[in-house]
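Asks: Chain order of the listed sequences is A and B.
In terms of our numbering, the first sequence opens at residue 1194 and continues consecutively.
In terms of our numbering, the second sequence opens at residue 7 and continues consecutively.
Don't take every hint at face value.
Said to hold, decoys possible - Computed list of lysine-lysine pairs in DSBU-like fashion (alpha-carbon distance at most 35 Å, straight line): (1) B/K143 x A/K1255; (2) B/K234 x A/K1197; (3) A/K1255 x A/K1345; (4) A/K1202 x B/K143; (5) A/K1344 x A/K1456; (6) A/K1197 x B/K40.
Read the hints as simulated data drawn from the structure, not as lab findings.
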Amino acid sequence: MSGKLKIAKKPAVHEPYLIAAWPGIGNIGLIAVNYLKNRLTAEEFGELEPWHFFFPRGVTIKNGVLQEMEFPTCKFFYKKGERDLIIFLAEMQPAGEDEIYEMANLVLDVAVELGCRRVYTAGAAVAPIHHTARPRVWAVPNDKGLIGEVKKYGNTIVMSELDDREGRGNITGLNGVLLGVARKRKLEGICFLGEVPMYIAHFPGPYTILYPKASRSILEVFAESLGVQIDLGNINAFANNVEREIEGIYQNLPPVIREELDKLKHFTPVKEAEPGPITDEEKERIIKEVEEFFRRGGKHD
Amino acid sequence: MIKETPGAKEPFLVVGWTPDAGEVGWRVGNYLRKHLPLREGEEIEPLGFFSLSGVEIKGDVLRFPRAKFFFLEGKDFILLQSDQPASKRYHFLSKVLDLAAEKFNARGVYTIGGLVSMIAHTDARKILAVVNGEELKESLAAYDLDINLDYQGTTSMSGFLLWIARQRNIPAVSFWVNVPFYLAEKSDPKANKAVLSFLNRRFDLGVDLEELDREIEIQEEQISRLRKTNQEVDEYIARLELNVGLTQQEVGKLVEEINKAMA
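Same shape as in the complex, but just chain B (with noise of 0.2 Å):
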């Protein structure tokens, strides 16, 4: 059903999945729709690309799949908060690319991930791109991002995306922020600050990131006391963020510990 229409001329579509490592994407488009005056708009009917056998209840409401777009007057910027869905991806994607280009002639895609890694939640986040188009890393040389990952093997729903967008000529990046292993079930404040502050310079957008640095304040006060009570949990976070890794166990003990601690 369309509801609004955008009014920028050639916006890029910035898309944030749910589920994802700490939330990222989704907590990310959160903040922008509470401190940015993004309107709503078009939604994708759920039917046949999201389970509807059941509807799950979270934080005692009933949450329904939902991938809505939003737009923000006067930015070059259009958000895609959306559930990932369960079935007919790539039906899914294909109408999220038909609309981002022939409907709101978007310029090109940017998605937005955590990614799950093995550092401390006091380590600097950084942010890898990958790109369906080598001319694009041009564009993202002025960030500070690292751009020449390597890699082979399982793929994501951004993946995905990037790679029917390269069918269809329209430039698309994946961006993946890391996201400290024992964050990855709760959320990460400092990743989603990272994000914002790159999308903040990317399509100046403004946004006052106070909030968030409150957020970062409150968890890590949090975890520190934690650590002041929790030998083993003060020793392995103290080798991540001497760069040394964990075993299976001992990452296990750390997860639960934290879930526990930040229940």
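Same shape as in the complex, but just chain A (with noise of 0.2 Å):
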């Protein structure tokens, strides 16, 4: 394995699947693969080396003597099961393709010298729904034989049901790139993106937030998919927090941007369904109002 691989030691796993999330919009897979670790108290087993795809984040300097170097961290965890699992959580994702490219495979280097045959990513859909519902989970495999499987899931569609996309979409940065170089690997991958509403990803900076209502729709499909019990308390008691605080931010809206939005209640975005009240003009105008409403700091005119 490469030089660039730490792995303290080599765990018993039996034909392992492998998880794997980074930061993203709204950090959606990352929330929900890290509670997943947690509840599932994984350990730790080894790590790849940050230095080689990111710059330090932090330094401590004492008595002029350089002491650490803080780098984000890239770390594999691993548990036993009815299926064993691989779990890979990074704090970050490289900046540049080539390492985009090289921490995937090396990530599947690991996998694939555990005899892992499956991996999953995660991550945001950003959609045209309302944040009072219940997101659903995109589910995006990297081959046509899995699309009966995720079918199946609760709660999940594939990119064909949604309207006008004709099975088409993108996924950006790592959560594309593994499920790729994992086909390209012979392994089978599937992606899953919880839906997140189109008016909180573009909640600015400082208002920014957190979406765990997303990440609580991906544990769901993951307990379904992997056939693991998953205790979803401490994410619903975050979801419902959350949902209080965007709740307060939403009641400030001016009335007028707060009328269009709840046309989003009534809109779901599926293939054959009635057309929806909101079209698209009106949705790119709603991201816009939203945006200007906070770059006057969230005040009304």
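Make the complex out of the two chains shown on their own, each in a separate frame, by following the hints.
Replies: Below you can see the structure in the form of structure tokens.
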């Protein structure tokens, strides 16, 4: 294996599945997979040396002497069970295409070495839904043979079931590349994308907020796909708190924007459904108005 | 591409980056190249380390990113003038150390940088040193350096280089000279002089610093004239001279006025 990988001990796992996550929109995938890792008490067994991919994010100097250099971590965990699992969590995604491709291959080197046959990634799907709705999970397999399986999962849709998409889309960053490289290396792969309301995805800082409801939806699908029990108590509480926070911001939006956004309560972008009350032009206008509202400091005119 | 190999036996590599506060590291390199018979040496190819999607135009001419070594006959001194790499930084810095340690047989690495500081241009410049091993402090004790820094926070290209050098048991020191914040976008000949005086002594370079003295004089006269015509600027600088800080707004105003006057 590459010198860039540090494996403390090779876990005795049997045909494990790999689940990988990193930061992205709202950290939806990272929160879900990190939660899964914690609930399953998965054990760390190795890491990818981060300095090959990232600039250090901090330094400690004491009495003129360089002490520690802090880097974003990229760690491997494992959990034995009815279905053995390997989990890879990175605190950052590499910036360059070369590094993304290299990291994907290194992660899969470990997976293949441990006998892995299937890979999962997780992230966010920005969708025209309302924050009070239950976010669905868009499932993107890396092989046609898996479509039948993912269609069976509850609260899950594939791209061809989405209005106007004709089965097409785009997955940015490592979520897509890892599955592409997995396919190249003859491993099954599925990406789960939890829906995030488009106006929340566009909340600018300092209003940027997480959306654990989407992470919870992903966890529910993971439970089904992996055949594991996941206690969702903590993420439910987290999601409820965030929902209250969003509701607070929502109620402060100018009535004209809120009325537009309320239309999303009746909108489900699924093929063959009745035409929704919001047009593409309206979607664009809503996003612009929400952004403008926050640019003004979250105040009415 | 290899153009020339160094003649020194166990030299030190001195690195100056751009961009940098006051462009201290780069300007020190330029001054040395102008006043010493430094010979051009090896260059690190930019592909993969710098963005080549567009090439900068600066001072009316095209400026291509570069990382070039220069050698000084008879002295244990190698200069690297380099743009800060934009990607694959670990790989780039490792390449620098590969050349330094394996090809040039360097005993150690020094980096030069400017440290944006809340000081007045009339204040003396201090040099702060950070070492990558406790044992290096002794070798610097004879110089007028501040070598007791305690710091926790973001780091720099020099900091990353020091850390990689330590993994490879290469002694390395980063030197940071104070640059008044309002000269950080311009130049600070006083900071350059402080660094060059140190290098002169450390490597017995014998560089004549007279030209820098003239630059310092000219800059001080420019700012002096501005102080006479702009009460705000005069007040802000006077406060800095008394070691009294400025508000963020005052900092912005002073930078703006100095940049205008020295355009």
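Asks: Straight-line Cα separation of A/K1255 and A/K1345 no greater than 35 Å?
Replies: Distance ~57 Å between A/K1255 and A/K1345 Cα, so the pair is violated.
Asks: For the pair we were handed, A/K1344 and A/K1456, check the Cα-Cα distance against 35 Å.
Replies: holds (28 Å)
Asks: Assess, step by step, whether the Cα of A/K1202 is no farther than 35 Å from the Cα of B/K143, and give holds or violated.
Replies: This hinted pair is violated, its Cα atoms lying about 39 Å apart.
Asks: A/K1197 and B/K40 were given as a pair; does the straight-line alpha-carbon distance stay at or below 35 Å?
Replies: violated (42 Å)
Asks: Would you check the hint for B/K143 and A/K1255, treating anything up to 35 Å between C-alpha atoms as holding?
Replies: holds (13 Å)
Asks: Take a quick look at whether B/K234 and A/K1197 sit within 35 Å of each other, Cα to Cα.
Replies: Cα-Cα ~60 Å, so violated.
The structure is inconsistent with the numbered hints 2, 3, 4 and 6, although it conforms to all the rest.
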